[in-house]
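Trainee: As a plain string of letters, each chain reads:
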Amino acid sequence: MGVVVKKVELSWLDRTYVWPVAKGMAITFRHFIKQLFTPTSKRYTIQYPDMKKEMPDGYRGLHELKRFEDGAIKCVACFMCQEACPARCISIEAEEFSDLNITQGFEEKRPAKFSIDMLRCIYCGMCEEACPKDAIWLRKDYEVAAYDRLSMNYGKWELMNTYAEADGKERISQDNTPSVPRRTIAL
Amino acid sequence: MDKLASLLHMTPAIFWMVAKVVIVFSAVMLLASVWTWVERRGSAMIQDRIGPNRAKLFNRWPILGLSQLLADGIKFFFKEDLVPTDANKKLFWLAPFLAFVPALIGFAVIPFGKDFVSGGITYHLSVLDPGNGMGLLYPLAIGGVAVYGVLVAAWSSNNKWSILGGMRASAAMVSYEIGMSLAVLTIFMTTGGYDPAEVISAQGGALWHVLPNWNIFHQPLGFIVFFTCMFAETNRLPFDFAEGESEIVAGFNTEYGSMKFSLLALAEYSHLMTASALVATLYFGGWQVPFMPDPPVMLSILSFLVKMLFFAWVFVWIRWTVPRFRYDQLMRLGWKAMLPMSMFNLVFHAWRMSQGH
Numbered sequence: 001m002g003v004v005v006k007k008v009e010l011s012w013l014d015r016t017y018v019w020p021v022a023k024g025m026a027i028t029f030r031h032f033i034k035q036l037f038t039p040t041s042k043r044y045t046i047q048y049p050d051m052k053k054e055m056p057d058g059y060r061g062l063h064e065l066k067r068f069e070d071g072a073i074k075c076v077a078c079f080m081c082q083e084a085c086p087a088r089c090i091s092i093e094a095e096e097f098s099d100l101n102i103t104q105g106f107e108e109k110r111p112a113k114f115s116i117d118m119l120r121c122i123y124c125g126m127c128e129e130a131c132p133k134d135a136i137w138l139r140k141d142y143e144v145a146a147y148d149r150l151s152m153n154y155g156k157w158e159l160m161n162t163y164a165e166a167d168g169k170e171r172i173s174q175d176n177t178p179s180v181p182r183r184t185i186a187l
Numbered sequence: 001m002d003k004l005a006s007l008l009h010m011t012p013a014i015f016w017m018v019a020k021v022v023i024v025f026s027a028v029m030l031l032a033s034v035w036t037w038v039e040r041r042g043s044a045m046i047q048d049r050i051g052p053n054r055a056k057l058f059n060r061w062p063i064l065g066l067s068q069l070l071a072d073g074i075k076f077f078f079k080e081d082l083v084p085t086d087a088n089k090k091l092f093w094l095a096p097f098l099a100f101v102p103a104l105i106g107f108a109v110i111p112f113g114k115d116f117v118s119g120g121i122t123y124h125l126s127v128l129d130p131g132n133g134m135g136l137l138y139p140l141a142i143g144g145v146a147v148y149g150v151l152v153a154a155w156s157s158n159n160k161w162s163i164l165g166g167m168r169a170s171a172a173m174v175s176y177e178i179g180m181s182l183a184v185l186t187i188f189m190t191t192g193g194y195d196p197a198e199v200i201s202a203q204g205g206a207l208w209h210v211l212p213n214w215n216i217f218h219q220p221l222g223f224i225v226f227f228t229c230m231f232a233e234t235n236r237l238p239f240d241f242a243e244g245e246s247e248i249v250a251g252f253n254t255e256y257g258s259m260k261f262s263l264l265a266l267a268e269y270s271h272l273m274t275a276s277a278l279v280a281t282l283y284f285g286g287w288q289v290p291f292m293p294d295p296p297v298m299l300s301i302l303s304f305l306v307k308m309l310f311f312a313w314v315f316v317w318i319r320w321t322v323p324r325f326r327y328d329q330l331m332r333l334g335w336k337a338m339l340p341m342s343m344f345n346l347v348f349h350a351w352r353m354s355q356g357h
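Note that the protein sequences, when read in sequence, are chains Y and Z.
Under the UniProt record's numbering, read the first sequence as residues 1 to 187, first letter to last.
Under the UniProt record's numbering, read the second sequence as residues 1 to 357, first letter to last.
A couple of the hints might just be wrong.
[To be verified] To give a feel for the contact side, a few chain Z residues facing chain Y, derived at Cβ under 8 Å:
(1) Ile121
(2) His124
(3) Leu125
(4) Asp129
[As the list claims (entries may be wrong)] 35 Å max Cα-Cα, derived DSBU-like pairs, lysine-lysine:
(5) Z:Lys20 x Z:Lys3
(6) Z:Lys79 x Z:Lys3
(7) Z:Lys20 x Y:Lys7
(8) Y:Lys42 x Z:Lys75
(9) Y:Lys140 x Z:Lys56
(10) Y:Lys53 x Z:Lys56
Simulated from the structure, these hints should not be mistaken for lab results.
We put the beta carbon where it would ideally sit given N, CA and C, even for glycine.
Only chain Z is shown next, with the shape it has when bound in the complex:
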């Protein structure tokens, strides 16, 4: 690795940093685009359909419909890039990036594998090294910024339906953020730190000798609240209030076409990946392998990937199971169920800690 770094005129530290950034973000983007395929084929299987299977690579290999991704990409690239005459052009262009970038960079602090030592240097498998002072507050803050993507996209299009979708979505995201933050706060409290590395290392070992010592078994209520709020945060069904074909045309992305639309769609899936990585880190022990105190590095990466992809699949699974909420039901659930529940969760665990558990 040092040789490669010197060939590229970089110090090994910078090379390692660049490699991590490139690998992690391209992996997340790749997974996000593959997840559009998972969404389509998975929903088809759930509904006893077949899903996209006609597009063929070089007119020969359909590869289970995966070549549909390429076809879609090519189609999006060559479509006319329209901007409505009365739209705010600058913000209209900016909005897809505002949606896409926060969805992606929330992944930066999440460790996707165990640290390893090579040549006397410790390598951390997360884009930002642990102890950076932001910890898991960073994805929460970035999640707050993600509201802008939806709202700016909606507002700049100068379209009534778009703004309705954007308003609803941003209201939902903001109100669910409180319940989510309180649920995460409980974890910070019981862990005694908010760095993801600390959160994960606190989840090692076994609980009552039969269960892995994951936070979900300590805080099932917190998990339910957090996971539910993640649906609202990522704007996915049953809380997909940014969109709504039957009521507001397409929602916040009505006026978008071409690559800008594709970017907005990809942002949703990147957000989904980040959200499932967060769930895996906070409640399912991140890269920890159950009943293995010191797993090999590759196994820890695999463990993290399995957990993350499982939750990404659960996001898809729930979407095709549960019908949509009405807007007032969503708000009632957010403020009257999620917030009190996460508050109770916080107070209960504070009380338990005060009792010396």
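Excised from the complex, chain Y in its bound form:
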């Protein structure tokens, strides 16, 4: 048995077609007036280069390599993010360095090179999930663009400074060796 589709019975007023058009025109006119008197900042359209959308919490944008308060990189070059990355866009070279630690003179690990190919990155946030030290964050910057492919390959220092202006931190371009034991800073 077929399904009986009920046809909508239009009233005589609706069948004139003139009245529904008038109603429709009232609606569009209401929208027109509303939009005309809405200030630009409150309109739905975000006029991009002039206005920017505030991204919601949990948005996965451009990465930042976090640093300690004294400017030392938090990353310990454990390669967890590189392993977790489904796009294989992270490449790390580790190095050893001496640091004043609880056990003084202990050899520590840190990345000598840390690069993310932003052309390959899919912004899935797996590196952030995998990181045991909370050293890599995906934050709210979404304006990742460049004029050539090479400059889309972000190195260690670029990644450490991606949000320097936004956070009011100073840009750093070399590893520093802290004079205070790391443990006290972390606490």
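Given chain Y, put chain Z in place with the hints provided.
Mentor: Just chain Z, lined up with the frame of chain Y:
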């Protein structure tokens, strides 16, 4: 004015004629191009968008997006002017003019202000003086010629999609012309003349002391028919059968580019201006100011402009309100609704006149 005329080696009469032609047609063309802006910004506001506002004059003043017009004009001028290899070249070149010229010259008989007397000479504010024997039959005839613009543009491009669009549009325009003509005929009948000056002067005064004595209050049905038919005549939504992005690429202007395309687009807006001027003249008293038996000349011009621009805006407003018709729906509406309605309108008013109203 006489001094200026003698400086230009013209008689004052010829000078006045030339001035009228230049002012009227350049004003209509200017309004038509400004109306592309109104269309874009207006539709944006209706749809809660913003519309073009990035183009800046001298990289400084966006003037509410109006400088987009200049940018578009410059762009159209510098684009490559392509003619398809298999197109009929002569007709392909002729078509934009065939579309543009009738759209513009339909305006010629429409009075845009009250006559005035200066130095013993009566000056008529319409390009063709009243009593020229053509009257309002002229814009109707010119409206019939406008079909050629669309059809020739479509046919000469040698493109299946174009010809489909052109065929549909010309069929729609021809079938709506009948209903429109009958609606106008009713006005000629009740006025007792077809000269626009007579039509307008018959609409002076007040009706029942509360309404202006406009034809719309006498013939609302005629107005609805005429206005609807005007949409079909100007090929605008909801009856824009010359075009149709989803079904026939771009329609009759698929193969057109550069200034030829721009001219076709401008023709549509000029046609819109002429159509709204016709609506204002026929049904809304032309330059008559409500409850003012003898308005000053400038006020009468202003009144006409306000009415015309209001209807031009209604054309835009309706376009962004009502969805498109299907082709068979269009034909059914034209032949089975508009034609009987305008016939009824004609017979009803003939009967009323026979009863002595």
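Trainee: Y:Lys140 and Z:Lys56: Cα distance at most 35 Å?
Mentor: It holds: about 31 Å lies between the C-alpha atoms, which stays within 35 Å.
Trainee: Given Z:Asp129 was flagged as interface, is its beta-carbon under 8 Å from a beta-carbon of chain Y?
Mentor: With a minimum Cβ separation of about 37 Å from chain Y (threshold 8 Å), the hint on Z:Asp129 is violated.
Trainee: Is the hinted pair Z:Lys79 and Z:Lys3 satisfied, with a Cα-Cα distance of at most 35 Å?
Mentor: 44 Å, violated
Trainee: Is the Cα-Cα distance between Y:Lys53 and Z:Lys56 35 Å or less?
Mentor: 24 Å, holds
Trainee: Next pair to validate is Y:Lys42 with Z:Lys75; report whether the Cα-Cα distance is within 35 Å.
Mentor: 33 Å, holds
Trainee: Min Cβ distance, Z:Leu125 to chain Y: is it shorter than 8 Å?
Mentor: Violated: closest Cβ of chain Y sits about 32 Å from Z:Leu125, beyond 8 Å.
Trainee: Going straight from one Cα to the other, do Z:Lys20 and Z:Lys3 come out at no more than 35 Å?
Mentor: 17 Å, holds
Trainee: Would you mind confirming whether the straight-line C-alpha gap from Z:Lys20 to Y:Lys7 stays at or under 35 Å?
Mentor: 57 Å, violated
Trainee: Should the hint that Z:Ile121 touches chain Y count as held when the rule is a Cβ pair under 8 Å?
Mentor: 45 Å, violated
Trainee: For the hint on Z:His124, does the least C-beta distance to chain Y fall short of 8 Å?
Mentor: 36 Å, violated
Violated hints, in rising order: 1, 2, 3, 4, 6, 7; the structure is consistent with all others.
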